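Listed in order, the protein sequences are those of chains G and U.
Okay, so the first sequence: first residue is 1 according to this note's numbering, each after it adds one.
Okay, so the second sequence: first residue is 1 according to this note's numbering, each after it adds one.
The hints are simulated quantities; they were obtained by calculation from the structure and are not laboratory data.
Please note: incorrect hints may appear among the correct ones.
Said to hold, decoys possible - Covered by chain U, according to a simulated footprint, are these stretches of chain G (three or more residues, beta-carbon under 8 Å): (1) 83-95; (2) 98-106; (3) 177-184; (4) 225-237; (5) 265-271.
Said to hold, decoys possible - Mimicking EDC-like on lysine to aspartate or glutamate, the simulated pairs with C-alpha atoms at most 16 Å apart in a straight line are: (6) U:LYS297 to U:ASP252; (7) G:LYS189 to G:ASP176; (8) U:LYS297 to G:ASP219; (9) U:LYS139 to U:GLU83; (10) G:LYS119 to G:GLU252; (11) U:LYS139 to U:ASP247; (12) U:LYS139 to G:ASP263; (13) G:LYS94 to U:GLU203; (14) G:LYS189 to G:ASP177.
Nothing here was measured: the structure is a model prediction, and the numbers come from that model.
C-beta: ideal position from N, C-alpha, C; glycine also.
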Amino acid sequence: MPDFQLIAAQLLNGVALGSILALVALGLTIIFGLLGFVNFAHGALFTIGAYAGWLTYTKTGSFVAGIGAALVSCFIVGIVIERILIRLYYHRPKEDQILVTFGLSIVLVEIMRAIFTGKSQLLSTPSWGSGVVNLAGIFYPQYRLEVIAIVGVTLVVIYFLIYKTRIGLVVRAGIDDALIVNILGIDVKRTFLLVFALGAALAGLSGIIDGPLLAVNPDMGTDVLIQSFVVIVIGGVGSFGGAVLGGLIAGEIISIATVFVPDYAQVLLYVAMAAVLILRPQGLLGVEGRA
Amino acid sequence: MIAVRSRGSRALVALGLMAVFLVAFPFVMPLIGGDVSLATRVLVLGLFGLGVDLIFGFTGLLSFGQAAFFGTGAVVTAYLLREHLVPNTLVGLALGTVAAAIAGIVVGSQSLRQVGVYFAMLTIAFSQLFFFLENAPLKAFTGGESGLPNVPRAAIPLGFTTLDFSSALGTYAFIAIFFFLSYMLMRRIIASPYGAVLGAILENPERAAAVGHDVLRYKLIAFTIAAAYAGLAGGLLGVFQGFVGPDAFSIDQSGQIIVMTVIGGAGTLVGPLVGAFIWLFLQSSLQSVDALAGVWKLILGIVFVLLITGFRRGVVGGIITFLRRRKKPLEADIATDAA
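Bound-form chain G, shown alone:
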């Protein structure tokens, strides 16, 4: 029987993993909510963020600069792909939108592979996160606590942006009825662009802060993307709270199951998803008819 300390540490690991999944899922769900668009290239943006951050961090020695680089590069890439490609697809069938973002993810991942080779790069934890913290007898890596804190702060900022600012008001109105918002004289297209780029930046941020916990390689985004799909299905599409709750549930399932039934850790995640689908198809915090 695993001892208490181990389980407590795994619970915290679950929160750390879950908070990163929540951040990735939040970017996806914000884009989906407003644009009605599931961005299959979100995992590739996660990878771009990790590489931009890794490159900057190794060149400058500053992890904070790495985070900045991840945010800025993904924001810019988000703007570029929205202008060139995504906006051509707003009025095309959902299947075309999925296909084009899937194709885009192949292109972005392969560009990363061409530039950085397929080799895994080690992204070391920043100097301010390399220690171990004693939490009532449990020795826990400091960096993971900082990941939870960074995600927590980001979630609060995004929450305020969406629910307490004018831009957020336009975004939420746009989610309800983009046509009416447009008729009211507000440039919805520009809001679309901004939201897409913001979602991309969130993916990039997740990539860099997850970097020290994973290895940085061109394919790192694939698993994260699929797990964040599961998060969205569990939490409810288009729901802010759903992304956070779903992320934490997914993180805990994986972390706890890894201790007791390691072979089933990933399997249980998908079983949980299937259970939610059967019992509550709109997701735990989703609104019916909003898919």
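We have chain G already, so just place chain U on it with the hints.
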């Protein structure tokens, strides 16, 4: 009456052309820089793609989880053959196909209740479930990460002699027969009243439901047929390669078959075959050029994005449109003459 006869003769022409192509293909391949094994692989993925085409090209269901069924067929067939639990290759393939079809019913009955984006995400998630089940809990049967090596080649004992397909060309012929029969069957399915209802669902699911069709049931049947095709293709892959690895279940495999089908032309039955040929041929020829070895997938990715953006019906769809446009004036002339 005339219309029926002309449709029947057109089908015969199509099947005849396909037969000629299948016979010539392994001999043409070496002339353009490929080989028999590349030709075999094209047929395996072309067969897999026939099922994907049925659900995506003809019904409008975009599943990103077809590898679950490809892998199921591959592992079940390979396991039965390796352990000598079945008398011959055919029984192994049949059981693998049935297993994949059952998996299709299970996954389809859960995921088809959703549409569009939700459906695509669910199929991915279910295929990941299969991937991880295969990888750890079931590794006693599947070999886990190391896969199942030494899958026996195709052989059919007849009592007095054994039909042996173990040579490269023999394996090709074995798989080509399956491809031909599956192609013929799929043509029949598409041309049947059942296929017509799928067409109605593709055009407008609400309307199809409104005129009284049980849309969910039709979709589930199509999904199950596609899973069976994937399973048969998976089983043949093992027989051909002599090995089944966990990558048969991978998300890359699911994505690749979608990309192939769309590049070739979804909604045309030869599209998947053409797409598989383009993908595998470009992969092998670009990889042999040093400067391009690292970027073949990038090139194919760009081609894919451009095709969806500008040329939605793929290569075969584009050719058909082009030919129809050229034929139109002639047909009009004939019609005028007849009148």
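Quick rundown of the hints versus the structure:
1. 83-95: holds (count 4)
2. 98-106: Held - the stretch 98-106 of chain G has 7 residues with a Cβ nearer than 8 Å to chain U, which meets the minimum of three.
3. 177-184: violated (count 0)
4. 225-237: holds (count 6)
5. 265-271: holds (count 4)
6. U:LYS297 to U:ASP252: Holds - the C-alpha atoms of ASP252 of chain U and LYS297 of chain U are around 12 Å apart, at most 16 Å.
7. G:LYS189 to G:ASP176: Holds. LYS189 of chain G to ASP176 of chain G sits at ~15 Å (cutoff 16 Å).
8. U:LYS297 to G:ASP219: Holds - the C-alpha atoms of ASP219 of chain G and LYS297 of chain U are around 13 Å apart, at most 16 Å.
9. U:LYS139 to U:GLU83: Roughly 15 Å separates the two Cα atoms, so the pair holds.
10. G:LYS119 to G:GLU252: violated, 30 Å
11. U:LYS139 to U:ASP247: holds, 14 Å
12. U:LYS139 to G:ASP263: Answer holds: LYS139 of chain U to ASP263 of chain G is near 10 Å, not above 16 Å.
13. G:LYS94 to U:GLU203: holds, 14 Å
14. G:LYS189 to G:ASP177: holds, 13 Å
Of the hints listed earlier, those the structure fails to meet are numbers 3, 10, in rising order.
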